[in-house]
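Chain residues, written in single-letter form:
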Amino acid sequence: MSVPTSDAGELDLATAEEPRPQLKPEPTDVAPDPGAQPAEAEPDIRANIGRLIGYVSRQRSLFVPAVVLIIISVSCTAYVPTLTGDIIDIIGTGQEGELGPRTLLLLGLAITLFVTGWIGGRLMQRASQRALRTLRQELFDRVQGLSLSFFDKRPIGELMSRVTNDLTAVDQFMSQNLGQMIQAILTLVMTLVMMLLNDVLMTVVALLVMPLMVFTALAVGRIAGPAFQSLQLELGGANGYAEESLTGDKTIMAYGQEDAAIEQMTELSERARAVGSRAMFSTMVTSPAVVVAQNIGTAVIAMVGSVLAINGRFEFGTVVAFTVYSTQLQGPIQILGRVYTALLSAAAGAARVFEVIDDVPIVVNLPGAKPLDFRGGHVAFDRVDFSYVPGRRVLHDNTFEALPGQKIGLCGPTGAGKSTIMNILTRYYDIDSGRISIDGQDIRDCTLDSLRMTISAVLQEPLLFSDTVMMNLKYAREGATDEECIEACRQANAHDFVMTLPHGYDTVLAERGASLSAGQRQMLTIARAMVAAPKMLILDEATSNVDTRTEKLIQQGLTRLMHGRTSFVIAHRLSTIRDSDQILVIDAGRIVERGTHEGLLAQRGLYHRLYMTQFRGSPMGTD
Amino acid sequence: MYSSFVRLFKSFRPHWRKLLLSQLLLALAVVMTVRIAALNGRLVSEGIQQGDISAVIHISVLMIALAIVQAICTMGNSWLAVLFSEGTAHELRVRTFARVQHLSFGDLDRFRIGQLLTRMTADVQSVKMGVLMTLMMALSAPITIVLSIAQAAESTPQLLNLMVIIMAVVTCALIGLIWGIRAMFIRRQASLDRLNNVLQENLSGVRVVKAFVREETEMRKFTEVNSDLERTARAPMYRIALLSPLMSFLIYGGQAFVFAVGGNEVFEGNASLGEIVTFVNLLVASVAPMAMLAILVPITAAGEASMRRIFEVLDARPEIIERPDSSALEIDALQGRITFEHVSFAYRAEDGTLSGEVLKDINLVIEPGQTVGFLGSTGSGKSTLVGLVPRFYDVTSGRVAIDGVDVRDIPTAQLPLIVGTALQEAVLFSGTVRGNITFGRDIDEDDMVVAARASDAHEFVARLPERYDSRVARRGANFSGGQRQRVAIARAAASMPKVLILDDSTSALDLGTESRVQDSIGALMPGATKLYVAQRISSVLTADKIVLLDHGSIAGMGTHDELIAGNGLYREIYESQLGPIREGGDR
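Chains G and F are the protein sequences, given in the same order.
Read left to right, the first sequence gives residues 8 to 630 (this note's numbering).
Read left to right, the second sequence gives residues 3 to 589 (this note's numbering).
If you are wondering where the hints come from, they were derived from the structure by calculation, not from laboratory data.
Remember, predicted model here, so these are calculated numbers, not experimental data.
All C-beta atoms, glycine included, are put in the ideal place defined by N, C-alpha and C.
Be aware that a few hints might be false.
Calculated lysine-lysine pairs in the BS3-like style (CA-CA distance at most 30 Å, straight line) [claimed, not checked]:
| hint | chain 1 | residue 1 | chain 2 | residue 2 |
| --- | --- | --- | --- | --- |
| 1 | G | LYS542 | G | LYS481 |
| 2 | F | LYS223 | G | LYS257 |
| 3 | F | LYS362 | F | LYS223 |
| 4 | G | LYS257 | F | LYS362 |
| 5 | G | LYS257 | G | LYS377 |
| 6 | F | LYS223 | G | LYS542 |
| 7 | G | LYS377 | F | LYS362 |
| 8 | G | LYS377 | G | LYS481 |
| 9 | F | LYS223 | G | LYS481 |
Derived contacts from chain F toward chain G, CB cut-off under 7 Å, selection only [stated by the list, open to error]:
| hint | residue |
| --- | --- |
| 10 | HIS92 |
| 11 | MET122 |
| 12 | CYS174 |
| 13 | VAL210 |
| 14 | LEU244 |
| 15 | GLY442 |
| 16 | ASP446 |
Not close to chain G: a few residues of chain F, all C-beta gaps over 12 Å, as computed [to be verified]:
| hint | residue |
| --- | --- |
| 17 | SER6 |
| 18 | CYS75 |
| 19 | VAL84 |
| 20 | LEU85 |
| 21 | PRO159 |
| 22 | TRP181 |
| 23 | ILE503 |
| 24 | GLY514 |
| 25 | GLY568 |
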C-alpha cells in the first residue's frame, strides 16, 4: 500500500506528550478548558453518535419512510448491473425481441430510483433538520434551567464559542454526512445481496479485494483519528490564546506587547498548521487508495470471470455485471472514509453538547414547593452556613432579621461575604445548614420563580442587552407599559440622558450596553429594577459606579423605590447606608457588628474604622 | 458571486506554479479515470467477450497501472490542496490577530470581542475547508465533461452525439441546481447568525435573565429563531438531496437509451457490442463524480461568507499610526512633565464621522513627580483624558506632550516604557503571577517584588503555594477582583515608568487597602508623575492636585483644601459621598 504511514507513530506520541497549552484546573475550582480536551475515547464516539442518530430516528413519521424509500432507491441501483449484464448478453446473442422490454425496465428503474432517492433524501433532510432544531432547543432550555454555579465554573465567552462551534460540527454531520452515511451503508448491503444472488463464487472472488479496501479505510481511520485529536489540541491552544488575548487586548496594547502576542499566536497557529496538514492529508489518502484497490479487484474479477465464462459457468454478461459491482462498491467506501473525519468532530462536539444537556441544575424546586405567599416582607436568617465549594465555608452562623419595610445595610471589607448573603437569599445557591425564611416560609419550600419575582436585584455588573432602551426596560416585567418605563427612568434620573440618545427610548444599545458609559448603564439597570416593581429589593453595590452627583439624584429615586419595601443595600461607600434601619458589618463571613449608623460609630469598632478611613488626609479624619 | 473567494485566490498569485501544478494533477487524474473507463469497455469487448485471457491480463495490468498513476496524481493534488488550505488558515489566523493588535482602543470598543474571535476560529475553519474543496473538486466537473466527450470521440465516434447531448443535460442540470443555492445558504447563514446572537446574549446576560425570571421569554425568543433556522436550512439541503438521484437518473436513463438505440445498431451490424459497453462505462465514470458537487457547494458557500467577514477585519484601518519622523527619546533623561494644550477629543464612528465632543479645549500642566487626581461625573471624560497620554486615543485637535514632546512624535513602541497604566478592568493572563507582573519586559526579581509589595500584592502572593510561580487561570479567574487589581497595579509599577496612570484601578479594594497602596506607590516612585482616575473622592483626597471634570471641560482644579473652599461642585460631591462638612473644619 502506498499510504505514508511512517508518521503515524509520531503523531500518537505528540498527542500523548505535547504539554497542554491550557492550564490544569486550579484548586479554586476553575473549570478545565474543554476546548483543548482531546476527543473522547472510541466507545464514547459510538455512544454520542448513536445518541445523535437517535434524535433523527425519533422522527419516526419522517425517518421510517425516508429509510424505506432509500432502500428502494438503493435496491434499484444495485439491480441495474445485473440488468445491464442481461442486456449485454441479449445484444451479444442477438435476441432482438427481448431488448425492448429490458431497456424499458432499465428506464423504469432509472425513474423509480430517481423519484424514491429524491423523496427519500428530502424526508431524511427534513428529519435531520428537525432533529437539529430539537437538539438546539433542548440545549437552550437546559441552559435556562442551570444554576448560576454552572456559569461560575465556565467563562461565558468560552461557553458561547464552544456551544456555537460544537453545534456547527453536529449540524454538518447531521445535515450532510448522516444521509450520505446511511445511503452508503445501504448501498454496500444491497450490492452484496445482488452479487450473491448472481453468483456466489464470483462474489467470493470480488470480496477477496474487499479486505484491501476495508483495510485501507481502517488504516486511514487509525492514522487520522489521533492526528485529528492532536489537531483539536493544537487548535484549542491557538483559539484559547486568541480568546484570552482579545479579551485582554487593551492591556496588551497599554504595555506595547502586541508584537510578543503576535509572535506567540504565530507559533501556536504554525503548530496547528503542521498538525492540521498531516491530519487532513491522512484522510485524503483513502480515496486514491480505494481507487487502486478497486481496479485491482476489477482485474481479478475479469480474469477469474473470463475463465469461468469460457468454462460455461455463466454468460459473459455476468462478468461485466461483476466488474460494475466492484466499481459500485468503491463509491460508498470512499464516502464512509470521508464521513469518518466529520464523524469524529461531530462526536466530540456532541459530547460537549450532551455534557451541558445532562448537567442537572443544583438549585431546583423541591417537590411540593408552593408559590411564596408574600405578607409584608419579614426576612429571617437563622444560623445560616454556606460554602460555594464543599469544605470552604464562606458564611458562618449568620442570624439576622429584617422587618417589613426596613432598609438593611451591609458593609465590610472586600470578600467578607456581603454579596454571598444576597445570592443565597434569592436562592442562586442553596445553603448548607440553617434556615432562611420570608414571612415565615422557608425559601426552600417556595418555588424559585415566585421567590425571584418577589425580590429584584440591581446587580454589581450592569448587564444590558443589544436591544432598544425600551425593550431593555420592559425586560424586567412582562406587560410593562411605555409610560411605566419612562416614569421609572425619570425616577432613576436616566430619562435625561436617554433623551439625548439618537433615537431616545428606541435607540438600540450595542452589545452589553457598550455604547453607554458605566454610570449610564447603571442608571438604566436601576430603572429596570424599578420597572420590575418588586416587593423587596437588593442593591448590590449598585451605586458605586455612578459618580457622586448622579448618585445623589439616584438616591432620591431609590429612597422612593425602597419606601415600604424591605430592602438590602450592599455598599462600599458608607454614605449610601447611613440612614439604614439596621447596618450589618460583615467580616470573614460573620456578622461582627450590627446597629444603626450612630450606634455603630459609638462602638468604635470595625465600622468606625471603615468610616474613618474615608477621610484619610482630610481634616475630618483627624477628628 | 464569489467575490471574497476570488480576492483570496488572487492573493495566492505568488504561488501560482504550485496552484497550477495542483490543477494539472487534478486534470491528469480525471484523464486517468476516463481512460480506465474506456479500458473497461475494451476489457469486455476484446477480453471477456472473446474469451481471450491474455488480452484480459494485458488490459487489466494497464488498468491497474493507470489507477496507480491516478492515485498518485490525486494524492499530489490533495497534498497541495492541504498545504494551501492549512497555509491559508494559518495566514488568516495570524493576520487577523495582528490586525486586531494594531487597532486602537476606539476600534476595539466598536468591534465585539466575540465577533473577532468567531472570525479567527469558526470562520477561518470554514474558509480552510472552502479552499481545500475548491482545489480538489471545483475544476473536476468541467474537466470531466470535456474529457469524456473527447474520449467518446476517440473510442465510440458513432455515439459521440449522444455523449454531447447527455453532457449538455448534465451541465444544464448542474447549473440549474447550483443557481440560486448560494442565496439560500446566505439566508441560512443569516438565520444562524440570529440564533447565535440570541444564544450569546442570553448566555452573557444569564444573571439578568435569572434575576427577572425571564427564562420563558428567552425560550420563546429562541424557539422563534430556531424554527426559522430549520426552515432556511432545509431549502438548500433539499436541492442538494436532488443532485445525487438526478445524476443516477441521467446515467441509467442514458444507458437505457444507448442500449435501445445501440442494440439495434449491433443487430444491424453497424456497431460492436464493445463500443456500447465502453460507452456505458464512460457514462458511469464521468457522470457519477458530479454527485460529489453536493459536498462542494455548501462548503464553498459557507467559505465565501466567512471570508467576507474576515476581510471586514483585515480591511479595518488602524487609527493610531506611528509617525514616520518619530524619534526615540532618552528615557532616563525624562522629567515627566505632562502638558495638555487646547485638547479636544471626539470618538470616530465607523463611517469616519466624528460624534459629539468628549473633551473640549482642555489646558492642563502637570509637573514632574506630582500626584494628580481626576474626578468627575459619569461620561465627563476622565478616562479618555488620561488615555490620551499613552495614545490609547489620539486627540482630535490640540496637543498632548511629555516634556514638551508631542506624544504622537514618540515611537509607539517606546510610549509604554514611559507611561505605565493599570486599566479600569484588571485583566490577568494565563501563566504565572510572575509572568503577569513582568509581562514580557526585562524586569528583575527585586524590582518585581518591590512593585508587588507597593501594590499590596506581595502579601497574598507570598501565601500562595508556589508564590510568584503560582499558576494564573485564563483571565485570572482564580483570583478575586481585588487581587487582580493589585497585580495589575504591580504590573504598571514594576517597570518604574516616568508616568504612572491608575485608571479607576483600585475600585475593588476597600478604603484601607487603597490608601495603603497609594502611600507605598508614592514612596516607591517619588519622581514619577502619578495620575489617578477615581470615582471615590476619598481616593484623591491627598493628591497634589485634583482636576475636576464636568462634561468634557475642567470645572475646577487645585488641592482638596482649595477646592473645598472655593468650588461648589466639589463640595457637593464631597458631601454626598462623605457626609456634611462640619462647621469649624477647614473653613
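Cross-check of the supplied hints:
1. Proposed proximity of LYS542 (chain G) and LYS481 (chain G) is supported: the alpha carbons are some 17 Å apart, at most 30 Å.
2. For a cut-off of 30 Å, the pair hint linking LYS223 (chain F) to LYS257 (chain G) is broken: about 34 Å separates their Cα positions.
3. For the given pair, LYS362 (chain F) sits about 44 Å from LYS223 (chain F) by alpha-carbon distance, which is inconsistent with the 30 Å threshold.
4. Between LYS257 (chain G) and LYS362 (chain F) the CA atoms are separated by roughly 25 Å; this keeps the pair inside 30 Å, and the hint holds.
5. A threshold of 30 Å between alpha carbons decides the hint, and for LYS257 (chain G) with LYS377 (chain G) the separation of about 49 Å lies outside it, so the pair is violated.
6. For the hint linking LYS223 (chain F) to LYS542 (chain G), the alpha-carbon distance of about 27 Å falls within 30 Å, and the restraint holds.
7. Proposed proximity of LYS377 (chain G) and LYS362 (chain F) is contradicted: the alpha carbons are some 59 Å apart, above 30 Å.
8. Restraint check: the Cα-Cα separation between LYS377 (chain G) and LYS481 (chain G) comes to about 27 Å, which is no more than 30 Å; the hinted pair holds.
9. Among the hinted pairs, LYS223 (chain F) with LYS481 (chain G) is consistent with the structure: their alpha-carbon atoms are about 15 Å apart, no more than 30 Å.
10. A hinted interface residue such as HIS92 (chain F) counts as satisfied when its beta carbon comes closer than 7 Å to some beta carbon of chain G; here the least separation is about 4 Å, so the hint holds.
11. Because the smallest distance between the Cβ of MET122 (chain F) and any Cβ of chain G comes to about 5 Å, under 7 Å, the interface hint for this residue holds.
12. The interface hint given for CYS174 (chain F) is broken, as the beta carbon of that residue sits about 16 Å from the closest beta carbon of chain G, more than 7 Å.
13. Among the interface hints, the one on VAL210 (chain F) holds; its C-beta lies about 5 Å from the nearest C-beta in chain G, closer than the 7 Å criterion.
14. The restraint placing LEU244 (chain F) at the interface with chain G holds, with a minimum CB-CB distance near 5 Å, inside the 7 Å limit.
15. With a cut of 7 Å, the hint placing GLY442 (chain F) at the interface with chain G holds, because the nearest CB-to-CB distance is about 5 Å.
16. With its C-beta approaching chain G no nearer than about 17 Å, ASP446 (chain F) sits outside the 7 Å limit, and its interface hint is violated.
17. Look at SER6 (chain F): its CB is around 19 Å from the nearest CB on chain G, clear of 12 Å, so calling it non-interface holds up.
18. Consistency note on CYS75 (chain F): stated as away from chain G, yet its beta-carbon is not over 12 Å from all of that chain's, at 8 Å minimum.
19. Its closest Cβ contact with chain G, about 5 Å, brings VAL84 (chain F) to no more than 12 Å, contrary to its assignment away from the interface.
20. For LEU85 (chain F), the condition that its CB be more than 12 Å from all CB atoms of chain G is violated, with the nearest at approximately 6 Å.
21. Every CB of chain G lies more than 12 Å from the CB of PRO159 (chain F), the least distance being 19 Å, so the non-interface label holds.
22. With a least beta-carbon separation of about 18 Å from chain G, TRP181 (chain F) lies farther than 12 Å from that chain, consistent with its non-interface assignment.
23. With a least beta-carbon separation of about 9 Å from chain G, ILE503 (chain F) fails to lie farther than 12 Å from that chain, contradicting its non-interface assignment.
24. Its closest Cβ contact with chain G, about 5 Å, brings GLY514 (chain F) to no more than 12 Å, contrary to its assignment away from the interface.
25. No beta-carbon of chain G comes within 12 Å of the beta-carbon of GLY568 (chain F); the shortest separation is about 16 Å.
Of the numbered hints given earlier, the model fails hints 2, 3, 5, 7, 12, 16, 18, 19, 20, 23 and 24; all others are met.
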